[in-house]
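What follows is each chain in one-letter form.
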Amino acid sequence: MALLEIDDLHLFMRSFEGEAHVLNGVDLAIDRGEIWGVVGETGCGKSLTGLSVSRLVATPPARYARGAVRFDGTDLLRLDEAAMRRLRGRRIGMIFQDPTTNLNPVFRIGEQMVDVALHADGADASVLGLPSGASRRARKAAARDLAIRMLDRVGIPDAAGRIDDYPHQFSGGMRQRVLIAMALIGRPDLLVADEPTTALDVSVQAQILRLIHDLVRQDGLGVMLITHNLGVVAQICSHVAVMYAGSIVERGPVRAVLKNPTHPYTRALIAAIPSAATARGTLKGLAGSVPNLIHAPQGCRFANRCDRALPACREGRPATVEPSPGHRVACNNPAGEAA
Amino acid sequence: MLVVEGVTKIYPGRRGRPDVAALKGVSLTVGRRESVGLVGESGSGKTTLTRCILGLERPTAGRILVDGKDIATLPAAEMQRLRSRVQIVFQDPYASLNPRMTAHDIVAEPMIIHRDTLGLDARRRTDRVAELLDLVGLGAQHLHRYPHEFSGGQRQRIGIARALAVNPELIVLDEPTSALDVSVQAQVLNLLHDLQQRFSLGYLFISHDLGVIRYVCDRVSLIYRGEIVEEGPAEALFAGPRSEYGRMLLGAMPDPDPDRSPFR
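Line by line, the protein sequences give chains A and B. Residue numbering for the first sequence follows my numbering, beginning at 1 and increasing consecutively. Residue numbering for the second sequence follows my numbering, beginning at 1 and increasing consecutively.
There could be a bad hint or two in this list.
Not everything, but these chain B residues come out facing chain A in the computed CB check (under 7 angstroms) [stated by the list, open to error]:
#, residue
1, Glu41
2, Thr117
3, Ser178
4, Ala179
5, Val182
6, Leu189
7, Asn190
8, Gln196
9, Tyr215
10, Asp255
11, Ser261
No wet-lab data here; the hints were simulated from the structure. Using N, Cα and C, we set each Cβ at its ideal position, and we do this for glycine too.
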């Protein structure tokens, strides 16, 4: 049993025009020590998949029609809110894109981290490691020590001296480190990172990627890394899942997928990245746009933008091919070596 | 066409703090039909330099020449005319279009501002808007739609059409594709290339995506803490950066080839 198993997840989202079928049978298993990159264009369901894991999608307007999100064997969609709260911030850590809006500007960094530590300790007393009768003051002091250790670990220089700073006194990269430290304070088993480096400069991005990479090595946590940057995926992910219009269309070990992309959509995504060899004016874009998910097309949702589409593609769900072990592609007419 | 000569911009420090030198003796040039990349991290002075070039900020020292004329010494009327020749496309296509104006009004607005230079009446402006939208790959059916009805890529096309409206010679592109998906980015980059060929435009292309810079630029300037630390042909820079900063930037650029990852 994998650490996280998303199984045939269907999510509908109510809107003024009708109900959009935004996740269409997502299935994904993430184990400890694995970093799964989840990639795809805007609006393909990457973030909703991530939010479903921490169950932060508001229902309504959303509605889970089918499927399960099993974490260590427990279906999160069936847990009550109190049980879910014990998991969030303790066993499931989360990092979001914008390090500026995810810290409260009017509280000191330390206070915000102590809050998280105390909450995690409430769910599992081993986080602070104090006996059950410990006073509130002792718990607070231990939480503060833990916060300093975590800041130090994510590479904030002079952590003890900076812990009483406000968020605006930190740079963007340092704020993202604070958020990573916060996500890790409960020693989670699973980390969901939604575009953690998109708002950062490349040099800072490289530092954050190294940090995540080292943490996975040392603590063996599983990571779902949501990004639209295939360069980031190539650098640190062990596996990759390519999403399109609410489904995973190609997945597998990162080398297999990026070296031998087989779904036409994956190939188009890779072809759109300018490389050293691309002559000016010859970069291949991807014409068309993601289909309307309120009246989603029958069959393969990529068919209307696909230059390899067959008549069968517009009818039923596409067949799955497996070009190499673990590399699975949902396509009737795959390209690459599988063709 | 654009010459920036030793531009320094110093902002006075607040409440007794030391002054901040946002730009220190920056020089660069952009010629016709040339794309010059300006690469630097946040806080390196890219935006200050753009603001100086657009005449929104007055440099503390140094000169900015457009077609040989120093923009600091121009009388207001001449400056107004000059503004029609230097346009800008902003980074965020969601924030840079007025949500209460239609695509038509957004693209027509610069033509109204510069009506003395262009001399277009309302009807001819509308014709020109339709022509511009067509040029950037949108149709007449889009004329009376509002920004929220467009996707990010389409909005950026409207931003480009607006910049082209007054027949500029130089366009400052401030991270024009960083808010877009790669598939859409490819289309916008190709559009920009195509427009450059047709209208002999000069581009000052600001980006932190070195892959994009390599694809579109003839020459590149690296800016670090308000100083140009390296300048030269794009090919040479990517083949072997001379500056410490250039090496660091290239090293940090995530390569989409898993075998070239520093972590494996």
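To test your reading of the hints: which numbers does this structure violate? Those not satisfied are hints 2, 3, 4, 8.
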